[in-house]
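Asks: Protein sequences appear in the order of chains H, R and V. Residue 99 in the working numbering sits at position 99 of the first sequence; the count goes up by one each step and never skips. Residue 194 in the working numbering sits at position 194 of the second sequence; the count goes up by one each step and never skips. Residue 3 in the working numbering sits at position 3 of the third sequence; the count goes up by one each step and never skips.
Quick caveat, the hints were computed from the structure, so don't treat them as lab data. Hints should not be assumed to be uniformly reliable.
Stated by the list, open to error - Calculated pairs, BS3-like style, for lysine-lysine (alpha carbon to alpha carbon, straight line, at most 25 angstroms): (1) V:Lys76 to R:Lys220; (2) V:Lys70 to R:Lys220; (3) V:Lys309 to V:Lys70; (4) R:Lys205 to V:Lys83; (5) R:Lys99 to V:Lys70; (6) V:Lys249 to V:Lys151; (7) V:Lys83 to R:Lys220; (8) V:Lys83 to V:Lys70; (9) R:Lys205 to V:Lys249; (10) V:Lys70 to R:Lys205; (11) V:Lys92 to V:Lys23; (12) V:Lys309 to R:Lys205; (13) V:Lys70 to V:Lys92; (14) V:Lys322 to R:Lys220; (15) R:Lys205 to V:Lys301; (16) V:Lys309 to V:Lys322; (17) V:Lys205 to V:Lys246; (18) R:Lys99 to R:Lys84; (19) V:Lys322 to R:Lys205; (20) V:Lys322 to V:Lys301; (21) R:Lys99 to H:Lys295.
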Amino acid sequence: MFGIGKKKAYTGLSRGTRIVRSLTLIIPSIVMVIMIIIALFANLGWIGLPDVGLAPHDPNSTNPRDKLLPPSFIEGGKSDYFLGTDRLGRDIFSRVLYGARVSLSVSLIVILITAVIGTILGILSGYKGGRTDAFIMRVTDVALSFPALLLAMLLWVAIGPGYWTVVLALSILGWAGYARMIRGESLRIRESDFVAQAQVVGASTWRIMFRHIFPNIVNSLIVIMTLQVGMMILAEAALSFLGLGITAPTPSWGSIVADGRSQLDRAWWISAFPGICIGLVVMAGNFLGDWIRDKLDPRLRQL
Amino acid sequence: MTRFIIVRILQAIVALIGIAVIVFFLVRVSGDPMALIASPNMSEEQYQKIKESLGLDKSWGEQFWIYIKDMARGDLGESLIREKPVTTMIGESMPNTLKLTVPSFVLSMILSFFLGVMAAIYRDSFWDQGVKFLAVLGQALPVFWVAIMAVLIFSVYLEWLPVAGMSTPAHYILPVGTMILFMLPGMMRLVRSSMLDVLDSEYIKMARIKGLPERSVIWKHALRNALITPLTIIGMLLPSLVLGAVISEQIFNWPGMGTMILQATFERDFPVVQSITMLTAILVLGINLLVDILYAYIDPQIRYQRA
Amino acid sequence: MSNIVLQVEDLHTSFFTRAGEVKAVDGVSFFVREGETFGIVGESGCGKSVTGLSILRLLPEPAGQVTGGKIILEGKNLLELSKKEMRAYRGKMISMILQDPMTSLNPVYTVGDQIAEAVRLHQDLPENMVEAEVVSALRLLRIPDPEMRIKEYPFQLSGGMRQRVVGAIAMSCRPRLLIADEPTTALDATIQAQYIALFEDIQAKTNVAIIFITHDFGVIARICDRVGVMYAGKILETAPTRDIFKAPKHPYTAALINSVPQLDKKDEKLFSIEGQPPSLLNLPPGCRFYPRCTVSMDICKEQEPPEVKLDDNHSVSCWRVK
Chain H
1 MFGIGKKKAY
11 TGLSRGTRIV
21 RSLTLIIPSI
31 VMVIMIIIAL
41 FANLGWIGLP
51 DVGLAPHDPN
61 STNPRDKLLP
71 PSFIEGGKSD
81 YFLGTDRLGR
91 DIFSRVLYGA
101 RVSLSVSLIV
111 ILITAVIGTI
121 LGILSGYKGG
131 RTDAFIMRVT
141 DVALSFPALL
151 LAMLLWVAIG
161 PGYWTVVLAL
171 SILGWAGYAR
181 MIRGESLRIR
191 ESDFVAQAQV
201 VGASTWRIMF
211 RHIFPNIVNS
221 LIVIMTLQVG
231 MMILAEAALS
241 FLGLGITAPT
251 PSWGSIVADG
261 RSQLDRAWWI
271 SAFPGICIGL
281 VVMAGNFLGD
291 WIRDKLDPRL
301 RQL
Chain R
1 MTRFIIVRIL
11 QAIVALIGIA
21 VIVFFLVRVS
31 GDPMALIASP
41 NMSEEQYQKI
51 KESLGLDKSW
61 GEQFWIYIKD
71 MARGDLGESL
81 IREKPVTTMI
91 GESMPNTLKL
101 TVPSFVLSMI
111 LSFFLGVMAA
121 IYRDSFWDQG
131 VKFLAVLGQA
141 LPVFWVAIMA
151 VLIFSVYLEW
161 LPVAGMSTPA
171 HYILPVGTMI
181 LFMLPGMMRL
191 VRSSMLDVLD
201 SEYIKMARIK
211 GLPERSVIWK
221 HALRNALITP
231 LTIIGMLLPS
241 LVLGAVISEQ
251 IFNWPGMGTM
261 ILQATFERDF
271 PVVQSITMLT
281 AILVLGINLL
291 VDILYAYIDP
301 QIRYQRA
Chain V
1 MSNIVLQVED
11 LHTSFFTRAG
21 EVKAVDGVSF
31 FVREGETFGI
41 VGESGCGKSV
51 TGLSILRLLP
61 EPAGQVTGGK
71 IILEGKNLLE
81 LSKKEMRAYR
91 GKMISMILQD
101 PMTSLNPVYT
111 VGDQIAEAVR
121 LHQDLPENMV
131 EAEVVSALRL
141 LRIPDPEMRI
151 KEYPFQLSGG
161 MRQRVVGAIA
171 MSCRPRLLIA
181 DEPTTALDAT
191 IQAQYIALFE
201 DIQAKTNVAI
211 IFITHDFGVI
221 ARICDRVGVM
231 YAGKILETAP
241 TRDIFKAPKH
251 PYTAALINSV
261 PQLDKKDEKL
271 FSIEGQPPSL
281 LNLPPGCRFY
291 PRCTVSMDIC
301 KEQEPPEVKL
311 DDNHSVSCWR
321 VK
């Protein structure tokens, strides 16, 4: 046989490959669903049932006698504390469950805000072109290269710590990624015949933007938003780790990891587990995002 | 080409002023800075004196003008807590940060370009799978956590590497490694996909049709086109660099600018935070400018169209 | 009669994809002589471009592989050469022009650089003579002001001009065989005729053998000496151009020629062949054209017709022709 080299070539999908393929959708989806459930049901205090929930303990209740216990499945651990305790005797498992809430809610809110701003600016920029485009793109360039961390610090000094400070810090610069991508799509769509038709008929700019261009970029938007979940979770975690994020008493995965730093030689579990959670959720988000992208808009492979 | 450069420089200056205004008013909008400095047993006289010396008794417009003038002269104010000029504080901590940042950046770029190109050339091979795997993990796992786990494994259990301090080269391994993790996965992925796109193009087919040796096809024809996109992204690496510096310095107790700003933040030392922000803005705009010029140089189309 | 430059015997090329093996070229044979233009004509997807790439051994690996046959260029079987030896053949012995002039040239190098590269690779000239050679290659393709052009970048040239530059690169080393893969398809109609005339000119000057791949019968009529009609990976009929037009023996050839609108037949409706070419993944057992053939017989459904040589120059694969 000529030309068939050492490299493998496909001869049709094997059953194994097909199974792996569907797993890349199923597993991340399950992980995400679990995370959402945890976030909602860690404790049902928010619908008036403060004693009901998945978390076995109050994340902030300290039990000095039970401090620095290893996870229950390791020698020395107590069955009460599934993932062990920290130096104040707080149950790590409960803290991690509550942490899901913070991570997911911050991410979702930031994604919503940045998606709206970014989409409007992106479509405006791509459709109108000219000076508007140049201006918006310059601002986008700066927003993309400006470190959000510094902004977070500035806001911390200016308006103090807190949930909304974090949301603000991530939102003020976060729209830029959307703006750039959506502008690209808008530029492409602008050249379409149906847009030309709308212009001929005399439709106003805003009408064209929302009735014609927006529906065509929705696919890209969904892909970007899904992929942003992971990024936002990582961003919030990093801020919390440094102490600039969500503060006590609310536990955040990042802050739990930070808590564990001083006990690294004695109680590795404090830092280990929240980090694993972050990794799992972000990976799930990324895989889901990739899957959605492949389904909706393979052209976006650059992401 | 020169006209292009001049226009861009002017735009950068305008942007800088805009940022200065925002930063300046942001800090003052939240409350009276005097509240941060004053102590309860201060007399009215002392209060007024301090207020005057800091120029806080003047109108906002005047304050802003003074601020700009000072900055242009290189005076960034004084730290409220340490009573040292900010410039001195920067001078003390910057070298340490550079010792960490520069090698990390250089290594990241070299590694990501090399690995990305290899992954693209030997598509679906062991190289490629490895690179893709590394990219997925690198973009999902929080770097600060990986760093801490690395400390756990290499310093606490194996005792191969020291945890804190800056004296020996071994002290650099973990911090530099941590910083690289911030920049490597994203860049590597981008280089790989850019290279893949280029390798699929018609002009690369033409290069092979000409009979060029494969190494010429890749290193001369493909690479130059493939690097255009990643180079423009370099400007966007700064946030990762800053995040990496602050986190690395925190974890490894590295006395650099990262720890300095973080502390200043917690101490509400706004002259420091404000100044660093402005300096960063200048850096950001400067880098964007440089990248634009570089891009124009590499891609002749941009050069001719803008000129 | 002049010598045969290229002889392709029973070429098989397949693409191994996730869906299975796609037999893009399934037993194709033809030859081309010195100074002759052989056309390969067929619908999109019939395998004509893949044939061209197979000759140059530039199939996208690992999916694309030549799975059988011989490609003999001036006595040597190209499929038996090592990668290094094959590379030496490219540019010097065989060259190719691709379809889309807008993407065939590297955007970051000047036109002159790109031609010079080919010249330096294949010709042993002292450095100071390279530029002159580049200019003369541009002149061969009738590009005006060649001395100015060599400093220009591809984006500064029009499509037609770029395609000429591609031609200049291809011809700069005086190959024995030139494969032109639909070079005029992306050009304006007005430019097409000029471009084709160029080929005639070049061939007259250099005696190069040309394989002209196209779907346009007008082009075939103009420039080709002999034609191979390709369908679903096989060549159904091979004949001199005049015979193909005046007396096509294969129903597909006849149908194709009928589909070309003619000015002098005003009353007739536009004719097109019904149906679609078969999927190359699951080929039916009989003649490939059977589902769309209006004059088929029972045996056509069951068995593939063998190749019948009508005379030295004309062969057909059809059960209707014995």
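Asks: Hint by hint, note whether the structure agrees.
Replies: Checked hints:
About 31 angstroms separates the Cα atoms of lysine 76 of chain V and lysine 220 of chain R, which puts this hinted pair outside 25 angstroms; it is violated. Taken as a hint, the lysine 70 of chain V and lysine 220 of chain R pair is broken in the structure, with Cα atoms around 33 angstroms apart against an allowance of 25 angstroms. The hinted pair formed by lysine 309 of chain V and lysine 70 of chain V meets the criterion: a straight-line CA distance of about 20 angstroms does not exceed 25 angstroms. Note on lysine 205 of chain R and lysine 83 of chain V: the hinted pairing holds, with a Cα-Cα distance of about 16 angstroms set against a maximum of 25 angstroms.
The suggested pairing of lysine 99 of chain R with lysine 70 of chain V is violated, with an alpha-carbon distance near 62 angstroms, which exceeds 25 angstroms. With a CA separation close to 51 angstroms, the supplied pair lysine 249 of chain V and lysine 151 of chain V exceeds the 25 angstroms bound. Under the criterion of a C-alpha separation no larger than 25 angstroms, the hint pairing lysine 83 of chain V with lysine 220 of chain R is consistent with the structure, at around 20 angstroms. Annotation: proposed proximity of lysine 83 of chain V to lysine 70 of chain V holds, straight-line Cα distance about 16 angstroms (limit 25 angstroms).
Restraint check for lysine 205 of chain R and lysine 249 of chain V: not satisfied, since their Cα atoms lie roughly 37 angstroms apart, outside the 25 angstroms limit. Taking the CA atoms of lysine 70 of chain V and lysine 205 of chain R, the gap is near 23 angstroms; set against the 25 angstroms cutoff, the hint holds. With a C-alpha separation of about 30 angstroms, the suggested pairing of lysine 92 of chain V with lysine 23 of chain V is violated against the 25 angstroms cut-off. Annotation: proposed proximity of lysine 309 of chain V to lysine 205 of chain R is violated, straight-line Cα distance about 37 angstroms (limit 25 angstroms).
As the CA atoms of lysine 70 of chain V and lysine 92 of chain V are separated by approximately 20 angstroms, the hinted pair is consistent with the 25 angstroms bound. About 56 angstroms separates the Cα atoms of lysine 322 of chain V and lysine 220 of chain R, which puts this hinted pair outside 25 angstroms; it is violated. For the given pair, lysine 205 of chain R sits about 40 angstroms from lysine 301 of chain V by alpha-carbon distance, which is inconsistent with the 25 angstroms threshold. At most 25 angstroms may separate the alpha-carbon atoms for a hinted pair to count; lysine 309 of chain V and lysine 322 of chain V meet this at roughly 9 angstroms.
The hinted pair formed by lysine 205 of chain V and lysine 246 of chain V fails the criterion: a straight-line CA distance of about 30 angstroms is larger than 25 angstroms. Proximity of lysine 99 of chain R to lysine 84 of chain R is assessed by CA-CA distance (about 23 angstroms); at most 25 angstroms being required, the pair is judged to hold. Annotation: proposed proximity of lysine 322 of chain V to lysine 205 of chain R is violated, straight-line Cα distance about 43 angstroms (limit 25 angstroms). Note on lysine 322 of chain V and lysine 301 of chain V: the hinted pairing holds, with a Cα-Cα distance of about 17 angstroms set against a maximum of 25 angstroms.
Taking the CA atoms of lysine 99 of chain R and lysine 295 of chain H, the gap is near 45 angstroms; set against the 25 angstroms cutoff, the hint is violated.
The structure does not agree with the numbered hints 1, 2, 5, 6, 9, 11, 12, 14, 15, 17, 19, 21 stated previously, though it agrees with the rest.
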